[in-house]
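Work out the full structure: start from the sequences and follow the hints.
4 protein chains.
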Amino acid sequence: MLETYPKDLGGIDKDKLIACIQACFECAQACTACADACLSEDMVADLTTCIRFNLDCADVCAATGNVLSRRTGYDANVTRAVLEACAAACKACGDECAQHADMHEHCQVCAESCRACEQACNELLATIS
Amino acid sequence: MLETYPKDLGGIDKDKLIACIQACFECAQACTACADACLSEDMVADLTTCIRFNLDCADVCAATGNVLSRRTGYDANVTRAVLEACAAACKACGDECAQHADMHEHCQVCAESCRACEQACNELLATIS
Amino acid sequence: MLETYPKDLGGIDKDKLIACIQACFECAQACTACADACLSEDMVADLTTCIRFNLDCADVCAATGNVLSRRTGYDANVTRAVLEACAAACKACGDECAQHADMHEHCQVCAESCRACEQACNELLATIS
Amino acid sequence: MLETYPKDLGGIDKDKLIACIQACFECAQACTACADACLSEDMVADLTTCIRFNLDCADVCAATGNVLSRRTGYDANVTRAVLEACAAACKACGDECAQHADMHEHCQVCAESCRACEQACNELLATIS
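Chains as they are written, first to last, in the numbering used here: chain A, 6 to 134; chain B, 6 to 134; chain C, 6 to 134; chain D, 6 to 134.
Some clues are possibly wrong.
[To be verified] Derived DEER-like restraints, expressed as beta-carbon distance ranges:
1) MET108(A) x ASP100(D): 45 to 51 Å
2) ASN82(A) x LEU7(C): 26 to 32 Å
3) LYS12(B) x LYS19(D): 36 to 42 Å
4) ASP13(D) x ASP51(C): 20 to 26 Å
5) ALA103(C) x LYS12(B): 35 to 41 Å
[Unchecked claim] Short, incomplete list of chain B residues facing chain D, as computed with Cβ under 7 Å:
6) LEU44
7) VAL49
8) THR53
Honestly, the hints are just simulated from the structure, not real lab data. Model, not experiment: these values are computed from the prediction. Note that beta-carbon positions come from the ideal geometry of N, C-alpha and C, so glycine has one too.
And the structure:
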């Protein structure tokens with residue numbers, strides 16, 4: 006879709022941008038689904054912190070994916086702060102999911118999405134700071 | 006991710022469900038990007054209705070994708086109403102984008118995403134009504 | 006804010022519109038907070054259906070509040086379908102929360118927000134159908 | 006609603022927390038409505054940067070309001086990064102809206118919401134850093 010954007014993309018690395026947008030939306034979906042799968046586990050009482058991080062990470066990743074998708078009137082300060090928030094949310098959620106990844110496959114899948122998104126945010130950040 | 010869900014999915018057609026979730030999130034992204042691309046067109050003043058439908062469709066598709074991703078405590082009435090709203094938003098946005106698809110490639114791509122999502126919603130609706 | 010809209014609002018009842026937008030955003034907040042309060046209850050395992058309805062209702066109410074806030078290029082079909090989905094989500098969540106409203110004050114508060122939003126959606130629907 | 010939370014709020018200043026949650030959701034609504042009002046102005050072509058900042062700010066404020074509303078499993082690092090992103094989005098949008106606040110009343114109202122939210126984020130940040 007970004008290939009069809011009518012103006013210049015604002016000097017950002019296009020490949021890293023596309024990778025980061027995709028990672029944000031994939032991570033948002035994984036976190037939403039992981040929160041629901043945790044809710045269906047018999048041991049849900051032990052997974053409440055995981056569910057909370059899932060929900061936060063889903064919200065922050067979705068907002069970040071939207072902000073990155075907008076190229077009109079690009080602002081480096083907002084982009085940088087949003088990417089840092091997204092990396093922080095992904096790190097917290099990935100660390101939490103990784104702790105019970107061996108017991109719950111959905112947490113394993115989600116932890117991988119969080120790591121990938123955290124890395125994509127940091128790689129894009131490195132090109133704009 | 007749905008493969009890892011710990012309980013029964015609630016009697017819904019799993020393939021159509023996965024296809025619809027994917028179509029919703031792809032359409033949300035396409036609409037967000039199309040709204041921004043329209044904003045960057047020199048003739049933006051002629052595209053304000055398109056931008057509005059893009060924004061509505063993005064919001065409704067993202068909400069629908071999230072609702073469908075949650076299988077705990079499945080409720081057919083909510084699912085049906087949400088799918089109908091999503092199909093309506095996709096139809097309106099797809100019709101609008103199709104009107105200037107020959108002038109703007111982003112509207113062409115977006116119209117296709119809207120059509121695909123409308124169809125995926127209607128196919129899933131047919132299995133639960 | 007709607008008072009400052011530069012064009013005609015599209016023939017909709019302005020008072021009912023404002024009331025409905027406000028009810029949608031209040032209900033979205035109440036549902037987000039109720040889901041989190043349920044997560045912190047010792048008996049969280051008995052509240053998973055409630056949490057799921059809370060999350061769905063929060064998503065649908067937020068999307069509905071956004072759609073209603075947009076007056077450019079108003080479309081009655083989309084508005085109607087979205088309001089019906091919102092009323093359905095609020096009814097399901099309100100019914101569920103009401104079942105344990107005597108045990109959890111947050112469910113009592115949330116049930117009232119859901120009822121108010123369901124009613125506001127239905128009143129606005131009556132003016133556009 | 007926070008009064009009904011079943012556990013400790015995590016050592017955060019409750020008054021500043023409530024004020025910030027409220028400011029985030031009010032700012033999200035104002036930005037969504039301002040984007041739509043800008044779309045309806047005859048001079049929309051001069052307001053595209055404003056619309057973009059409105060949409061970003063609405064997304065970031067809504068995500069921040071949701072994160073702050075969740076008290077289960079509180080994490081200071083995520084909260085801090087999200088508040089910084091929200092303050093940055095509000096500053097950018099407030100600065101942009103303020104530039105044409107004398108011409109468009111919706112931009113005046115929105116600029117005030119952005120300033121209030123930026124300040125509420127910074128005040129809450131001061132209590133957790």
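Here's how the hints hold up against the structure:
1. MET108(A) x ASP100(D): 45 to 51 Å: Since the Cβ atoms of MET108(A) and ASP100(D) sit about 48 Å apart, the hinted range of 45 to 51 Å holds.
2. ASN82(A) x LEU7(C): 26 to 32 Å: 31 Å, holds
3. LYS12(B) x LYS19(D): 36 to 42 Å: Because 37 Å falls inside the window, the suggested range holds.
4. ASP13(D) x ASP51(C): 20 to 26 Å: Distance hint for ASP13(D), ASP51(C) holds at roughly 22 Å.
5. ALA103(C) x LYS12(B): 35 to 41 Å: The hinted range 35 to 41 Å is violated for ALA103(C) and LYS12(B), with Cβ atoms some 25 Å apart.
6. LEU44: 5 Å, holds
7. VAL49: VAL49(B) check passes; min Cβ-Cβ to chain D is 5 Å, inside 7 Å.
8. THR53: At 5 Å from the nearest chain D Cβ, THR53(B) passes the 7 Å test, so the hint holds.
The structure fails to meet hint 5 from the earlier list, while all remaining hints are met.
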